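**Student:** Each chain, written out:
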Amino acid sequence: MNEDERAELDRLVPGPARPELSADRHRLLRGHLMSEIQETGPARARRGRIGWVAVPALAGGLALALVLSSGGEGAPASPPQARQSAQQGATALNAAPVGAAQLLSQAADTAAGRPDPKPGKNQFVYIESIGAYGRVGLANGESEMNPAVRRQIWHSVNGSQWGLLKQERRPGEPSVDELPRESGDPRPAPRADGGIWLSPIPKPVINGPTYAYLAKLPTDPDVLLKKIYEETKGAGPGPDEEAFVTIGDLLREQIAPPAVSAALYRAAAKIPGVTLVNDSVDAAGRHGTAVALEREGMNREWIFDPKTHEFIGERTVVVAEGKEIGPPGTVTAHSAILARAIVDQAGEEPRRKDG
Amino acid sequence: MELSQRGRIRDGDRGAFGELFDETAGDLYRYAVRATGDWAAAEDVVQLTFLEAWRLRHRLREGDEEPVRPWLFGIAANVLRNTGRAARRHRAAMERLPARETVPDFADELVGRLDDSAQLAAARRALGRLRKAEREVFGLCVWAGLDYASAAGALGVPIGTVRSRLSRARAKLRALAEEELRDGRELRPAPGQVRGGRVGAARSIRETNR
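So the sequence lines, in the order shown, correspond to chains W and B. Under UniProt numbering, the residues of the first sequence are numbered 1 to 355, in order. Under UniProt numbering, the residues of the second sequence are numbered 1 to 210, in order.
Keep in mind that the hints were calculated from the coordinates and are not lab data. Some hints here could point you the wrong way.
Unchecked claim - Label pairs and their in silico Cβ distance ranges:
1. Arg88/B / Gly347/W: 47 to 55 Å
2. Glu230/W / Glu179/B: 48 to 56 Å
3. Ala189/W / Arg96/B: 42 to 50 Å
4. Glu8/W / Arg131/B: 17 to 25 Å
5. Pro190/W / Glu179/B: 53 to 61 Å
6. Thr83/B / Ser22/W: 19 to 27 Å
7. Gly18/B / Gly194/W: 30 to 38 Å
8. Leu56/B / Pro218/W: 27 to 35 Å
9. Glu230/W / Leu56/B: 18 to 26 Å
Since the structure is predicted, the reported quantities are computational estimates derived from the model, not experimental observations. All residues carry an ideal CB built from backbone N, CA and C; glycine is no exception.
Here chain W stands alone, though its shape is the one from the complex (with noise of 0.2 Å):
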């Protein structure tokens, strides 16, 4: 927004004239608030969820709708029965709609094919991934999607080591650097490729997880949808919108054995409101089915390989009428998974497969 757009907006809100505060109230506020506030050491950072935004992210327009658990209208969900895609030509059925459940199904079942990757503790998870997300223009009222930026995240094994963040930088867009560093930092020297390095996870949870903490999630469904509803209560729009995320934040940019990947697809299913849509394309350009959890018009799609039924992105996009930031059809955000492997050192990339 520029400061005329602003200005306009200004001026249709007549506001008291500037009221200030003063010098005097000023002081005895800050007098106040420095002596309820106390000293208590360093505040354990709460990794998660959090961490994954903590730079301009692939996931940002996806993940910021998740960062604070205040967020959204606090309208509750609609019942399932209440509830249907207004995506065309989608397969939007009830709670439970047999479409979208049996791509589940079928996303599970290649999931837990797959080779169990047994990482060794030390090793890192590394996904690499392009995305981007809408950016919007109020003179024109258009709104248009940024290009897709690649990302490369590197996330210990267990916890224990830095991980590292590479994401290439939209023109225009702030850098990232990292924090100045003061003697006793104890963070590895700082890289010339500009790759941020990301704290260690001494306790993972389940939206700042590591591998090791996947590896010991239930594989029942149930229990493990269970735990996720119980571990993100409060959070987010609503329960089932926040289970929905918690579990595709995980499959975005995580790696799991193939029993828990398998089992958070088939937990994911047993999620009220989630639809099939039987065509997407991810930001890569690639088509596929996906599945997706509608919240205010929008669209929120995992998108799979038509024959695989491999995870291969995501995307976000308009579905009901009359919304402002676009007709039907409007994308807001877009990602494509482009490889995902288990690497020695963070920074260290796999041998591309070719074919």
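Could you slot chain B onto chain W? The hints should help.
**Tutor:** The following block gives chain B in isolation, referenced to the frame of chain W:
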């Protein structure tokens, strides 16, 4: 070399909170006045925002150098959304907040300015047209000056949602402005307003705020 402001705040450095207060209290206050239409309530909002920021400091994301401001305004938006809850949480601290009577001129001076009151009444009318979520986005983007991404981060919603809410807000406000122009309402004092009466003006503001 020292840690960034963000890092120091996350680490519970009181000095950093003091600096943050000095940098942002004025802006937060202006934002809160406009959002509440009530100068006294705005002070409470400022104070509750900082108390909440202290409580929630560990939730500041680490590993970046983003400004702290959007995070703080996000907290302010939450406080505005449910002031009662925040006030209950910090009841003891708020009871220790020195009474406003110690500087009796302050509220009077501002509330007594009828121009301001008329403006506020017009603002309440305009804001009354907006849904709560649209008001929040309007407040953060227009009054607090956050960009879309920061507002999205502050509210915990996607950027697209910020944009669409702001777009809806703009459409509704433009329609209202046209109506008022057509009706000539801006030439008349707002309903319930007592011209020249300080107390009356103050009360009418508070009432419209409820």
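**Student:** Given the hint of 18 to 26 Å, is the C-beta distance from glutamate 230/W to leucine 56/B inside that range or not?
**Tutor:** About 22 Å separates the Cβ atoms of glutamate 230/W and leucine 56/B, which means 18 to 26 Å holds.
**Student:** Starting from the hint 47 to 55 Å, judge whether the C-beta atoms of arginine 88/B and glycine 347/W obey it.
**Tutor:** Check passed, 49 Å falls within 47 to 55 Å.
**Student:** Check the following: the C-beta atoms of alanine 189/W and arginine 96/B are separated by a distance inside 42 to 50 Å.
**Tutor:** holds (47 Å)
**Student:** State, for the Cβ atoms of leucine 56/B and proline 218/W, whether the hinted interval 27 to 35 Å holds or is violated.
**Tutor:** holds (31 Å)
**Student:** May I ask you to test the hint 53 to 61 Å on the CB atoms belonging to proline 190/W and glutamate 179/B?
**Tutor:** Hint holds: Cβ distance 58 Å, inside 53 to 61 Å.
**Student:** Is the gap between the beta carbons of glutamate 230/W and glutamate 179/B within 48 to 56 Å?
**Tutor:** holds (50 Å)
**Student:** Given the hint of 19 to 27 Å, is the C-beta distance from threonine 83/B to serine 22/W inside that range or not?
**Tutor:** holds (22 Å)
**Student:** Determine whether the Cβ-Cβ distance between glycine 18/B and glycine 194/W falls within the hinted range of 30 to 38 Å.
**Tutor:** 34 Å Cβ-Cβ, so the 30 to 38 Å window holds.
**Student:** Could you say whether the range 17 to 25 Å given as a hint is met by the Cβ separation of glutamate 8/W and arginine 131/B?
**Tutor:** holds (20 Å)
In terms of the numbered hints stated before, the structure departs from none.
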